[in-house]
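Engineer: Chains A and B supply the protein sequences, listed in that same order. Each residue of the first sequence is one higher than the last, beginning at 2 in the numbering used here. Each residue of the second sequence is one higher than the last, beginning at 10 in the numbering used here.
You may find that some hints are simply not true.
As a list, the in silico DMTMM-like pairs of lysine to aspartate or glutamate whose alpha-carbon atoms are at most 25 Å apart [what the hints assert, rightly or not]:
#1 B:K26 - A:E104
#2 A:K45 - A:E137
#3 B:K90 - B:E49
#4 A:K52 - B:D43
#5 B:K118 - A:E104
#6 A:K16 - B:E144
#7 A:K75 - A:E104
#8 A:K77 - B:D43
#9 B:K118 - A:E47
Bear in mind the hints are in silico, worked out from the structure with no lab data behind them.
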Amino acid sequence: MIFEILAASLDNFLKFFLIIIVAIVVAQIINSFLNQYTIETRLKNENNVVKSALLGLVTPGPLGLYLPSLKVLKEKGLSLSMIATFITSQTLVGPLRSFIEVEYFGAVFFTYRVVFSFFSAVAIGIVYKRLERHLEPKDTSNNQSKAKR
Amino acid sequence: MYRRINEIYVNSLKDMKRILPLFFVAILISTIIDFFVSAELVYSVLGANLLVAIPLATIIGMVLPIPRYATYPIAFTLYLKGAPLSVVFTLISGEVILGAPDRDVMEFKFFGARSYILRFVLCTVFVILGGYLMEFIL
């Protein structure tokens with residue numbers, strides 16, 4: 002039984018091996034052109050949830066890499082709605098997973114997920130815009146009011 | 010140009026070293042599910058009543074302690090065993106709502122509890138709605 006499970010797993014793994022290699026290399030190529038600095042520069046003065054969602058969709062790599070930069074951008078004035086939109090679309094879809102997803106579930110499924118994730122991110126951004134002033138962390142708003150005084 | 014190619018090559022190798030073993034483990038888990046979990050059980054839990062199955066799949070996705078790309082083999086096995094595509098959609102999308110603990114702590118700390126909770130709630134609601142919508146569209 003164990004041998005059967007291992008053989009079936011290995012067989013399945015080899016079926017997807019090439020596509021994963023291609024996915025990893027393509028993700029790295031995108032990463033080299035659309036690196037952290039490029040994302041920061043493009044996001045810095047952004048005030049459009051649609052653009053922020055699009056930027057999130059094409060951004061590769063783990064979100065953890067971008068969070069410190071987003072924090073700095075927020076301190077420099079980037080709104081929370083832009084950040085929430087970017088985070089949402091960045092986490093829901095990624096270049097690496099797109100290859101694996103198409104291979105497993107087909108292009109229609111992938112397209113639906115991309116389109117739906119994009120609209121969800123935009124909708125979340127709009128909700129954030131409406132609630133923005135209630136969402137600021139307490140310590141930040143205290144600091145801001147102190148600074149105003 | 011040469012520097013960029015070298016960077017892509019080195020980073021790709023690093024990623025392969027990190028991703029391929031985890032992907033194999035995910036495939037191993039999916040094979041174990043394939044061997045030991047019956048299609049009837051999968052259908053009764055994730056296919057028979059979509060009103061319950063879609064939110065349930067979202068929660069399962071959230072608590073699965075595996076990386077995003079490793080969800081696919083498991084979701085595919087469940088699909089072959091009778092889980093509908095809408096359930097697969099919510100499982101895969103739900104998996105990314107809650108990230109790695111370090112990512113969530115960073116988001117919580119950097120942007121505040123209210124922002125984190127609101128995004129979490131909205132994402133969950135949208136993923137569940139997306140699942141129901143998929144059931145109508147596809």
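Engineer: With reference to the structure, classify each hint as holding or not holding.
Structural biologist: Hint check:
Of the pairs offered as hints, the one joining K26 of chain B and E104 of chain A holds, with about 21 Å between alpha carbons and a cut-off of 25 Å not exceeded. With a CA separation close to 18 Å, the supplied pair K45 of chain A and E137 of chain A stays within the 25 Å bound. With a C-alpha separation of about 8 Å, the suggested pairing of K90 of chain B with E49 of chain B holds against the 25 Å cut-off. Our distance criterion of 25 Å between C-alpha atoms is broken by K52 of chain A and D43 of chain B, whose separation comes to about 42 Å.
For the hint pairing K118 of chain B with E104 of chain A, the CA-to-CA distance comes to about 37 Å; that exceeds 25 Å, so the pair is violated. Only pairs whose Cα atoms come within 25 Å are accepted, and K16 of chain A paired with E144 of chain B is rejected, the gap being roughly 29 Å. Note on K75 of chain A and E104 of chain A: the hinted pairing is violated, with a Cα-Cα distance of about 38 Å set against a maximum of 25 Å. About 51 Å separates the Cα atoms of K77 of chain A and D43 of chain B, which puts this hinted pair outside 25 Å; it is violated.
For the given pair, K118 of chain B sits about 23 Å from E47 of chain A by alpha-carbon distance, which is consistent with the 25 Å threshold.
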